[in-house]
Amino acid sequence: MVQKLDMLQETPSQTAGPYVHIGMMPTYAGNAGTFDDEIGTSPISDGAQGDVIEITGSVYDGTGWAMRDALIESWQPDAQGKFAGQDGADPNVSGFCRFAADAESGEFCLRTVKPGAVATAGGTLQAPHIALWIVARGINIGLQTRIYFEDEDNSNDPVLARIEQRPRVDTLIAKKTGPGQYRFDIRLQGAGETVFLDM
Amino acid sequence: MLDGPLIPRNRAIHPDPYDPGYKTSVPRSPNLPLLSLDSTPSEETGPTFGHSRLGALDNNLILNWTRGAAPAVGERILMHGRVLDEHGRPVPNTLVEIWQANAGGRYRHKKDGYLAPLDPNFGGAGRTLTDEYGRYQFLTIRPGAYPWPNRANDWRPMHIHISVFGHSFGQRLITQMYFEGDPLIPLCPIAATIKNRAQLDRLVAPLDMAASKPLDYLAYKFDIVLRGRRQSMFENKPEGM
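Here the protein sequences line up with chains A and B, keeping their order. Using UniProt numbering, you'd call the opening residue of the first sequence number 1 and step up by one each time. Using UniProt numbering, you'd call the opening residue of the second sequence number 1 and step up by one each time.
The hints are simulated quantities; they were obtained by calculation from the structure and are not laboratory data. The reader is advised that the hints may include incorrect statements.
So the derived label-pair ranges between C-beta atoms look like this [said to hold, decoys possible]:
{"no.": "1", "chain 1": "A", "residue 1": "D198", "chain 2": "B", "residue 2": "A211", "range": "16 to 24 Å"}
{"no.": "2", "chain 1": "A", "residue 1": "G123", "chain 2": "B", "residue 2": "H87", "range": "54 to 62 Å"}
{"no.": "3", "chain 1": "B", "residue 1": "P92", "chain 2": "A", "residue 2": "E150", "range": "36 to 44 Å"}
{"no.": "4", "chain 1": "A", "residue 1": "R162", "chain 2": "B", "residue 2": "T48", "range": "28 to 36 Å"}
{"no.": "5", "chain 1": "B", "residue 1": "P120", "chain 2": "A", "residue 2": "D153", "range": "55 to 63 Å"}
Even for Gly, the Cβ is constructed at its ideal location relative to N, Cα and C.
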């Protein structure tokens, strides 16, 4: 017998299900007023510094259908690369947002500020990016991915550098469609499948 | 100091993303492997929420939909437990959110058209912050079981959905709490996405008579474990991620 490792195991995940919105986005579910102060309605407030941008897209299933029930959370630093709560962070950037695919069109839109670059603990500078977490009926454990930007220098990003099949890097890069406007589609499966992360 | 990268997820304890028994997972599961890397500040930091954002009845689902005017129909229960990390340390001041069907098995959601009626006094959502010991509690009603479209006659066991933040975005977790003794648990394709029965048992809350209140409510205990972080002493090498 050896000594015991005194560790616990993470609680297993279960799908968020089709009714996730009543708990996490009650107004979207038709239950406005459930909470006085719903969280995650916007990652920025008036006066946030930096470029305000809008990222539009859809989450497609393996058949190419734009899912109507996907719920996404985003987490990012402010325009200077500081996360909420860190010294000197922009008080008008909470950095956290919840947004859902439109029940009719399947399109989502994230309005935020363009994030600044953040270094890893080892000192490697990552390209500006927004972390995403996607949940829905049929997704048994939340999917992690990232939004990068085509008008930034992504050439030395340490995460993108680890993608072996280079054409797949494009699945993490939002395309500029106009001033302050980007398109970012997420494909869960099949041709053009988004790179999902285990970090 | 336990402030290094997040401990990598042990995917073996989690459900398989692709599970033909749960039909919707078939087109919604990635075919290609995940890209596994050490966490970075984007995963190690996370949003925080203060007490000022919560209402006094947010963790009382029996009363919060009517703002205290009238109680929901159903068997009154206390759902309580602790949020811990893999080191066994409490996770204080973190947001726990729950949502559930009413006593008849019907959700207050525009997409739920089940025969069972809505309860005018029940919304089905609650939230709270853990205390300094990682403890949380909700007063609610026992949700009903309900049928759902999958195989011809599938039913969900009684369950409450739970969302937990932790202190890092990479700790984010959604799961479901089941109730001890429910005969529908072993029949449910969603519960069965967890292949290891011992892991599924970790989602089944035991009846907790010690925490129940005589002549008022029964209690069920449900502890939640989030990912922990490694020590950082030897982590910050220049060549490291």
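Hints, one by one, checked against the model:
1. Range check, D198(A) to A211(B): about 37 Å between beta-carbon atoms, so the 16 to 24 Å window is missed.
2. In this structure the hint that G123(A) and H87(B) lie 54 to 62 Å apart at CB is violated, the actual value being about 27 Å.
3. P92(B) and E150(A) have their C-beta atoms about 41 Å apart, which keeps the hinted 36 to 44 Å range intact.
4. Range check, R162(A) to T48(B): about 30 Å between beta-carbon atoms, so the 28 to 36 Å window is met.
5. As the Cβ distance of P120(B) to D153(A) is approximately 57 Å, the hint placing it in 55 to 63 Å holds.
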